[in-house]
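Novice: For the sequence shown, my numbering gives the first residue as -18, with consecutive numbering after it.
Bear in mind the hints are in silico, worked out from the structure with no lab data behind them. Being a predicted model, the structure only gives us computed values, none of them experimental. The beta carbon of each residue, even a glycine, is placed where N, CA and C say it ideally should be. Accuracy of the hints is not assured; some may be wrong.
Derived Cβ-Cβ restraints for the label pairs, each shown as a range [to be verified]: (1) Thr25 to Lys55: 21 to 27 Å; (2) Gln195 to Ala420: 48 to 54 Å; (3) Gln311 to Glu337: 23 to 29 Å; (4) Glu337 to Ser467: 38 to 44 Å; (5) Glu5 to Glu341: 47 to 53 Å; (6) Asp463 to Gln311: 26 to 32 Å; (7) Glu437 to Glu96: 46 to 52 Å; (8) Gln192 to Ser467: 55 to 61 Å; (9) Ser68 to Thr103: 16 to 22 Å; (10) Lys127 to Ser154: 37 to 43 Å; (11) Glu515 to Phe306: 21 to 27 Å; (12) Lys127 to Ala426: 16 to 22 Å; (13) Asp463 to Lys26: 44 to 50 Å.
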Amino acid sequence: MDKRGVVRNLRAISTLYSLMRDGEEQVAHYRSAADAIRKLPTHTKLDIEQLRTQFSFSESVLTSIHLLLTQGRKATMTALPISVPWSLLELMELPGFTPKLTGRLYRILGIRSLEELEKALTKGSLAFAHVLPDTQLPHLQQAIEKLRLRKSALSLPVSLRIAQRSIDQIIKSIPQLSKIELTGSVRRMCPISTKVELLASFDGSSSIIVQLSQLGYAPAHKSTNKNEWPDFPMIQMTLEKMVEFDDHEVPIILYLVTPQTFALAWTLTTGDKAHAQRLNKQAKDRSLSPIAYTSIQTEEEVYRTLQHPYLLPELREEGCLDAVFAELVQAEQIKADLHMHSTYSDGADTMEAMIERCIEKGYICMAITDHSQSLDIAHGLSIDRLMRQQEEIYALREKYPTITIFHGTEVDILADATLDFPDVILEQLDFVVASIHTAMTQSKAELTARLLYAIESPHVDVIAHPTGRMIGLRDSYTIDFDRVFSAAEHSHIALELNCNPSRLDLDPQWLRVAMSSHCTFAIDSDAHSVHDLERLTIYGATMGRKGLLTPDRIINTFNVSQLSQWLGTGR
-18 MDKRGVVRNL
-8 RAISTLYSLM
2 RDGEEQVAHY
12 RSAADAIRKL
22 PTHTKLDIEQ
32 LRTQFSFSES
42 VLTSIHLLLT
52 QGRKATMTAL
62 PISVPWSLLE
72 LMELPGFTPK
82 LTGRLYRILG
92 IRSLEELEKA
102 LTKGSLAFAH
112 VLPDTQLPHL
122 QQAIEKLRLR
132 KSALSLPVSL
142 RIAQRSIDQI
152 IKSIPQLSKI
162 ELTGSVRRMC
172 PISTKVELLA
182 SFDGSSSIIV
192 QLSQLGYAPA
202 HKSTNKNEWP
212 DFPMIQMTLE
222 KMVEFDDHEV
232 PIILYLVTPQ
242 TFALAWTLTT
252 GDKAHAQRLN
262 KQAKDRSLSP
272 IAYTSIQTEE
282 EVYRTLQHPY
292 LLPELREEGC
302 LDAVFAELVQ
312 AEQIKADLHM
322 HSTYSDGADT
332 MEAMIERCIE
342 KGYICMAITD
352 HSQSLDIAHG
362 LSIDRLMRQQ
372 EEIYALREKY
382 PTITIFHGTE
392 VDILADATLD
402 FPDVILEQLD
412 FVVASIHTAM
422 TQSKAELTAR
432 LLYAIESPHV
442 DVIAHPTGRM
452 IGLRDSYTID
462 FDRVFSAAEH
472 SHIALELNCN
482 PSRLDLDPQW
492 LRVAMSSHCT
502 FAIDSDAHSV
512 HDLERLTIYG
522 ATMGRKGLLT
532 PDRIINTFNV
542 SQLSQWLGTG
552 R
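Generate coordinates for the entire structure from the input sequences, incorporating the hints supplied.
Specialist: Dropping the structure here:
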């Protein structure tokens, strides 16, 4: 478990103690420990002895941290003397379910989980007991369904880590299964997945099935062989396993195929249903029999046999099947990172460290965009601090002449649809990113109006993470995309593809719509550390291609002269 997972679980423990009549002291201990660890640098590797030396944590807290790090959430849950069910935490993720309200539901009606809440809702027990406000009841079922959907969502880095661990475990335990690859939505680099799919070359040996069962793999409840790929009989067996990752229960799907059909199976299991239907049609149109694929060794050969242009894995889904790869953005075309944070706000590294890493990455331009004054949680810059930062950037430009350094800000779009810095300040900056961080429960009309105000500002250059989602934690807020895209195109404002893997916002489906609306884009890391700058390398071009973005519409591909012109009157 990483630092973020430990912080999340310490806060959860604190919340559970708050539901106990004698838990006040532990609430304070766990809450203060969570706050202290949260403030450590992003990629700190937690060590119990260092924490013991650095902080005055109680032994109970240190024991819990040790268990979280070494054995995970379940073992920690079992070891702690908490008299209320951990499942109450799930209830508190519902809108309006405060610890006080959740505690009342538990004490009065004995409700401990989402399932029990649903049963009580169906029976009318909630209305009878008057535990919930009448206005909340009609929307509760929908809220439960949305929560379930959100909790099943895995971010891309989590999915990739789970996949690699699973592959490593199988190869180490069963050397005969040396050919095993990632497939499905995770291989397509989808921002959100609900499962991890693997493909293995299998010789039919029963001993391998026994060994896989010892690793926890069992026959899947539903065969995908007959449903998704009816014209390509290739999968011999589908196995399934549930694994715990932080506080997730994640399904691992393992397809076993013969060596002769591996390339075909990898091609098809990577793609979505629309991709399978396209290739099925290609096969039928050419009257190809299954025997035609048994000698194919590569995915490129599969497409050639079907007389279909080769599709990169990330493009094998609805909306991308007719993409012309040569026209889409490539990683080497991205020359700038225009959204990052330093120790001036909530970043872990200094501006100088960020500059040096950008130079190492070969960028010709960068923008330092620390948070604005109202975002206290991110140590937002006051006007005085912003001006001091500007002086420091002037000096850094002299020291690092090989890269153009823009002084910018990530200015908050406030709840009243104004910007967090006045125009007289914004006009002194080289680059302005605007975004929403607060009041995200406003109506669609209010949120849209806030974005439109920022888009129409003469000082704003980019709208960052336009839908505000945090994968697995917070849904996108609702906006009028047509109006936002139309206004952005008219004002020549760039819409961001934010490469924080917990965001990946705009989502590829909305990038495609914005692309068809003739919008301009920025692809940025939103880095809060030197390490985070790699996000642009890992996710930027791939997500851009999924959104069908072309380099001429991405400001990060511009040279300094083009970018300066775009920032001035050129747009």
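Novice: Run every hint past the structure and note whether it holds.
Specialist: Hints, verified against the model:
1. Thr25 to Lys55: 21 to 27 Å: holds, 24 Å
2. Gln195 to Ala420: 48 to 54 Å: Holds, since Gln195 and Ala420 (Cβ atoms, about 52 Å apart) stay within the stated range.
3. Gln311 to Glu337: 23 to 29 Å: holds, 25 Å
4. Glu337 to Ser467: 38 to 44 Å: At roughly 41 Å between Cβ atoms, Ser467 and Glu337 fall inside 38 to 44 Å, so the hint holds.
5. Glu5 to Glu341: 47 to 53 Å: Distance hint for Glu5, Glu341 holds at roughly 50 Å.
6. Asp463 to Gln311: 26 to 32 Å: Hint holds: Cβ distance 30 Å, inside 26 to 32 Å.
7. Glu437 to Glu96: 46 to 52 Å: holds, 47 Å
8. Gln192 to Ser467: 55 to 61 Å: holds, 58 Å
9. Ser68 to Thr103: 16 to 22 Å: Check passed, 18 Å falls within 16 to 22 Å.
10. Lys127 to Ser154: 37 to 43 Å: holds, 39 Å
11. Glu515 to Phe306: 21 to 27 Å: holds, 24 Å
12. Lys127 to Ala426: 16 to 22 Å: holds, 21 Å
13. Asp463 to Lys26: 44 to 50 Å: About 46 Å separates the Cβ atoms of Asp463 and Lys26, which means 44 to 50 Å holds.
In summary, this structure violates none of the numbered hints.
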